[in-house]
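S.K.: Sequence:
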Amino acid sequence: MISCLCAATPALYILWIIMAQVAGQEDKEKTTALKDLLSKIDLDELMKKDEPPFTFPKTLEKFEYAFNDDGQLRHIKTGEPFVFNAREDLHRWNQKRYEALGEIITQYVYELLEKKCNMTKAILPVNATEDEPESFIYLSPDALSNPSKLLVLIQGSGVVRAGQWARRLIINQDLDSGTQIPFITRAMKEGYGVMVLNPNENYREVEKPKAASPLPSPSEPLEEPAEKRERKDEKESKKKREFYEKYRNPQKETETERIPIRENGSSEEHVLYVWDHFVFKADAKDVFIIAHSYGGLSFVELMNQREMQVKDKVCAVALTDSAHNIWLQETSMSTKNWMQEHCRNWVSSPEPLDTPLNTMLPDCPRVSAGTERHELTSWMMLALPVGCGPAAGTDLSSRD
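Residue numbers (mature numbering (1 follows the signal peptide of the UniProt record, and there is no 0)): -24 to -1, 1 to 376.
One or more hints might be untrue.
Simulated pairs of lysine-lysine, DSS-like, Cα-Cα distance not exceeding 25 Å [claimed, not checked]:
#1 Lys72 - Lys53
#2 Lys261 - Lys184
#3 Lys97 - Lys53
#4 Lys72 - Lys92
#5 Lys72 - Lys91
#6 Lys261 - Lys289
#7 Lys72 - Lys38
#8 Lys261 - Lys165
#9 Lys165 - Lys184
#10 Lys38 - Lys53
#11 Lys165 - Lys91
#12 Lys53 - Lys165
#13 Lys92 - Lys184
#14 Lys287 - Lys257
#15 Lys184 - Lys289
#16 Lys97 - Lys184
#17 Lys72 - Lys165
#18 Lys184 - Lys53
#19 Lys34 - Lys91
#20 Lys97 - Lys312
#21 Lys184 - Lys257
#22 Lys165 - Lys289
#23 Lys97 - Lys72
#24 Lys92 - Lys34
#25 Lys261 - Lys287
#26 Lys34 - Lys184
#27 Lys34 - Lys72
#28 Lys72 - Lys257
FYI, nobody ran anything at the bench for these hints, they're computed from the structure.
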């Protein structure tokens, strides 16, 4: 028995080596396939095989949401606020759903500007051709003809479009806090013409054309026979199919490219363009500006480019948590001095509303917006700059 076992041991040993080599080769092939897979997909999306399609309703009604009499977004059936996590463990799907709702909100606010505020679109560029990308701003009926005063609203950066301060507030709080509508209606009651800028509408997104297959160069060998190539492809795909089927991302989103809008490819370009073609040409003797976050940076850049025009036309500027930086933007001393007299920045702070705050920057006075939430700073200081003079003379009186 022992002798038989000893005789069989070399054969078993050889068999074990062969099996180990085969197993090692299979493991190597699987590892190679997995590495190839991981190089093509996002690790955060590995387990999204069961992810629902990115197809969402196109209207608030089909989303089963509506704004109530208080301007709050509520579910039509349950009356509950918007729920971001509609499906657990599907963050990307929930985010896409939120973005789809946001696009509907954008159109809803446009309708409010047109129907509730009686504003109209002005197309940018003003001489746009039929086939080039366009942007637009909103004008009150007397925005260009009001001889007395004009209010210009400049929002911050991000997904917000004309008429919005913060999408998050519109969806989770109410229309008053998240849109510019209260500012516009109050301005009109007080005799202002109004311009609503659209600094984030900088490009048109179009489907990227599929790249044509390159022709083989003369030096390249001719393709192998189709039948042989198919067998080879089938063999390769068989090794990887298990991995791709288990971990692949089934939703291949359309590849797009961005075509910039002429002379409006950034917030700074947009503000400068609107100044040159609308604000500076308006009849108003005094221009008042409210600029939030990155809108403040764009205003300071406007001053750098059109300093004398701004000083001649603008009476006061109310900034809300402005992102400007007079050093990085290389602002002149004369501009800094003018900002000290004509600008005020309401910043996020736990201090009561309008409390003066210390600042190390020699640009303009800073006061508390009465909130520590950046996106709420504009709503908290709902006010119109009235009259010229030190610190913009901004009225912080009653809310409508």
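S.K.: Each of the hints needs a verdict: does it hold here or not?
M.R.: Hints and how they fare:
Under the criterion of a C-alpha separation no larger than 25 Å, the hint pairing Lys72 with Lys53 is consistent with the structure, at around 22 Å. Between Lys261 and Lys184 the CA atoms are separated by roughly 47 Å; this puts the pair beyond 25 Å, and the hint is violated. Restraint check for Lys97 and Lys53: the C-alpha separation of about 35 Å exceeds 25 Å, so the hint is violated. At most 25 Å may separate the alpha-carbon atoms for a hinted pair to count; Lys72 and Lys92 exceed this at roughly 30 Å.
A C-alpha spacing of about 29 Å is found between Lys72 and Lys91, which places the hinted pair above 25 Å, so the restraint is violated. With a C-alpha separation of about 7 Å, the suggested pair Lys261 and Lys289 falls inside the 25 Å cut-off, and the hint holds. Restraint check: the Cα-Cα separation between Lys72 and Lys38 comes to about 16 Å, which is no more than 25 Å; the hinted pair holds. For the given pair, Lys261 sits about 18 Å from Lys165 by alpha-carbon distance, which is consistent with the 25 Å threshold.
The straight-line distance between the Cα atoms of Lys165 and Lys184 is roughly 47 Å, outside the 25 Å bound, and the hint therefore fails. A distance of roughly 12 Å separates the Cα atoms of Lys38 and Lys53; the hinted pair therefore holds under the 25 Å criterion. Under the criterion of a C-alpha separation no larger than 25 Å, the hint pairing Lys165 with Lys91 is consistent with the structure, at around 16 Å. As the CA atoms of Lys53 and Lys165 are separated by approximately 37 Å, the hinted pair breaks the 25 Å bound.
The straight-line distance between the Cα atoms of Lys92 and Lys184 is roughly 38 Å, outside the 25 Å bound, and the hint therefore fails. Our distance criterion of 25 Å between C-alpha atoms is met by Lys287 and Lys257, whose separation comes to about 15 Å. A threshold of 25 Å between alpha carbons decides the hint, and for Lys184 with Lys289 the separation of about 44 Å lies outside it, so the pair is violated. Between the alpha carbons of Lys97 and Lys184 the distance comes to roughly 29 Å, so the proposed pair goes past 25 Å and is violated.
The straight-line distance between the Cα atoms of Lys72 and Lys165 is roughly 39 Å, outside the 25 Å bound, and the hint therefore fails. Restraint check for Lys184 and Lys53: not satisfied, since their Cα atoms lie roughly 40 Å apart, outside the 25 Å limit. For the hint pairing Lys34 with Lys91, the CA-to-CA distance comes to about 20 Å; that is within 25 Å, so the pair holds. In summary, the hint linking Lys97 to Lys312 is not supported, as the alpha carbons are separated by about 34 Å, beyond the 25 Å threshold.
With a C-alpha separation of about 39 Å, the suggested pairing of Lys184 with Lys257 is violated against the 25 Å cut-off. For the given pair, Lys165 sits about 22 Å from Lys289 by alpha-carbon distance, which is consistent with the 25 Å threshold. Annotation: proposed proximity of Lys97 to Lys72 is violated, straight-line Cα distance about 28 Å (limit 25 Å). Pair hint Lys92 plus Lys34 holds up; C-alpha atoms about 22 Å apart against a cutoff of 25 Å.
Note on Lys261 and Lys287: the hinted pairing holds, with a Cα-Cα distance of about 12 Å set against a maximum of 25 Å. With a C-alpha separation of about 23 Å, the suggested pair Lys34 and Lys184 falls inside the 25 Å cut-off, and the hint holds. For the suggested pair Lys34 and Lys72, the alpha carbons sit about 13 Å apart, so the restraint of at most 25 Å is met. Distance restraint check for Lys72 and Lys257: the Cα-Cα separation of roughly 41 Å exceeds the 25 Å cut-off, and the hinted pair is therefore not satisfied.
Going through the hint list in order, the structure does not satisfy hints 2, 3, 4, 5, 9, 12, 13, 15, 16, 17, 18, 20, 21, 23, 28.
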